[in-house]
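**Q** Start from the sequences, fold in the hints, and give me the full structure.
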Amino acid sequence: MAQKFATREEDYSKWYNELVGRADLAEHSGVKGCMVIKPYGFAIWEKMRDILDAKFKETGHSNAYFPIFIPKSLFEAEEKNAEGFAKECAVVTHYRLKADPNNKGKLIVDPDSKLEEELIVRPTSEAIIWNTYKGWIQSYRDLPILINQWANVVRWEMKTRLFLRTTEFLWQEGHTAHATKTEAIQETEQMLDVYTEFSENYMAMPVIKGFKTESERFAGADETYCIEAMMQDGKALQAGTSHFLGQNFAKAFDVKFADKEGKLDHVWATSWGVSTRLMGALIMTHSDDEGLVLPPKLAPIQVVIVPIYKNEEELKLVSEKALEIKKALFSKGISVKFDDDDNRRPGWKFAEYEVKGVPVRLAIGPRDLAENKIELARRDTKEKMTISLDGLDLFIENLLNDIQDNLYNRALKFKAENIHYVDSYQEFKEKIETVGGFFMVHWDGTAETEAKIKEETKATIRCIPLDAKEEAGKCMVTGLPSSKRVVLAKAY
RNA sequence: CGGGGUGUAGCGUAGCCCGGUAUCGCGCCUGCUUUGGGAGCAGGAGGCCGUCAGUUCGAAUCUGGCCACCCCGACCA
56 MAQKFATREE DYSKWYNELV GRADLAEHSG VKGCMVIKPY GFAIWEKMRD
106 ILDAKFKETG HSNAYFPIFI PKSLFEAEEK NAEGFAKECA VVTHYRLKAD
156 PNNKGKLIVD PDSKLEEELI VRPTSEAIIW NTYKGWIQSY RDLPILINQW
206 ANVVRWEMKT RLFLRTTEFL WQEGHTAHAT KTEAIQETEQ MLDVYTEFSE
256 NYMAMPVIKG FKTESERFAG ADETYCIEAM MQDGKALQAG TSHFLGQNFA
306 KAFDVKFADK EGKLDHVWAT SWGVSTRLMG ALIMTHSDDE GLVLPPKLAP
356 IQVVIVPIYK NEEELKLVSE KALEIKKALF SKGISVKFDD DDNRRPGWKF
406 AEYEVKGVPV RLAIGPRDLA ENKIELARRD TKEKMTISLD GLDLFIENLL
456 NDIQDNLYNR ALKFKAENIH YVDSYQEFKE KIETVGGFFM VHWDGTAETE
506 AKIKEETKAT IRCIPLDAKE EAGKCMVTGL PSSKRVVLAK AY
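Quick note, the first sequence lines up with residues 56 to 547 if you use our numbering.
Derived from the structure by calculation, the hints contain no laboratory data.
No more than 30 Å apart at the CA atoms, straight line, and that leaves these computed lysine-lysine pairs for DSS-like:
id: 1; residue 1: Lys110; residue 2: Lys387
id: 2; residue 1: Lys352; residue 2: Lys437
id: 3; residue 1: Lys387; residue 2: Lys112
id: 4; residue 1: Lys437; residue 2: Lys93
id: 5; residue 1: Lys404; residue 2: Lys376
id: 6; residue 1: Lys392; residue 2: Lys437
id: 7; residue 1: Lys264; residue 2: Lys509
id: 8; residue 1: Lys93; residue 2: Lys290
id: 9; residue 1: Lys484; residue 2: Lys69
id: 10; residue 1: Lys264; residue 2: Lys236
id: 11; residue 1: Lys507; residue 2: Lys545
id: 12; residue 1: Lys365; residue 2: Lys428
id: 13; residue 1: Lys264; residue 2: Lys214
id: 14; residue 1: Lys382; residue 2: Lys365
id: 15; residue 1: Lys290; residue 2: Lys142
None of these values were measured; they are calculated from a predicted model.
**A** Now the structure itself:
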């Protein structure tokens, strides 16, 4: 029977780690803090990437590619950005190895190959990109520049976790340049909306849109917009950020343009990104103790067909029907796997596809053929039913939509149930430890209070919701006046 | 990076205190029987015990360095 694995209740963190392995998504590599994304995991990321990429193009962006290395002098140009990332940068100082004279077969760094100037492995690409944009922009006619890059970046974190925080990770980073502040802010908000739409409609993951407080803001940004999602343990996960960079990078890299009147001004900028971290968000939003649960729109395999048979002859009959079904589903754009591997028995396959989160499983055997029926199991509710083979393709097409909706509604309900409106700091301190979740509280707007809460409770202000209602209140810590509630939670 | 823990076959483990080259389960290979919820029986393969050094006649076992992982902090998307 099923092996014993950690449940969410017992040990949420262990459950997550085991699940990533059991579902064959990723594993630790021989490099500290870096993961190998396995084919099944990468297939999910590819779906995310393709959908997002199409959305970026729909909104007028083009892809380009910039170097992985940034000379230190460029990196330090925008002071706040440099300062913010300095303590987590990988630095290339040499360009050659040579045979170790004292240790046969081993190599050492050739001290004669020291670089004149160190190269920073990009933790983010604003610096190299704005240094490039300087050469591309002279006039308002050159604007806007709407570019996205799919790339890997490196941030030398202390503690890493598969997908959630790895030293190297994959992401996309959009970098745009605009003639006006208004246009740049519109772009920032537009991309936050793209991320929101993707999270909710594809990942089936509800999010809260908001602004970051000054202390949580991206280094070098005037304003950071974000979407925050609630994981099943009640912790918050920042799923995407969109930054209004003001003229900070334009000033640092001296990027000016001439407007219609011939007046020179610095260019306005934005940057926005999501990463392989979304994989972690996806896992922690829907999965259960049996394994991964995938929303149909991101499932590499949407339907799996498992044949049941006792001999070659039965397999032949069953296969014929199964392939017919596969073809009908395929023509509706549904991805189907017919698993006729004879080395695995049906029970094994059932368990396997459950762990991998395949939304719909069909089992077909001689008994079903005789009755013109098929057994169908849905992963989200674990419901099993026997249905007619007639009109099966249509039924499944609708079912996949139902599953997608159900997952979203389930997550939405969970989120609603775990948002607490609290006015007393004492009550907050108690509840953050007992019930967890998101807390809507009044805050006096000062960094001091924010720091105090963080120090005393480990919770941080995740965001100031964009749709926060104006409401007279008092900061739960200091009692000073506050006009709206902010989202407070422990975060990944 | 600080505190604590762990590292033995693909995975999970026993053995370590009290030194004498290794236990069990799953998986893997072969054959037969099986196939509607992780199959059964029989036979078989696979490990210089994370790594490097030291102590010793002899090290999985004792000592030290390093590496990796887990938990708790600090940092962070």
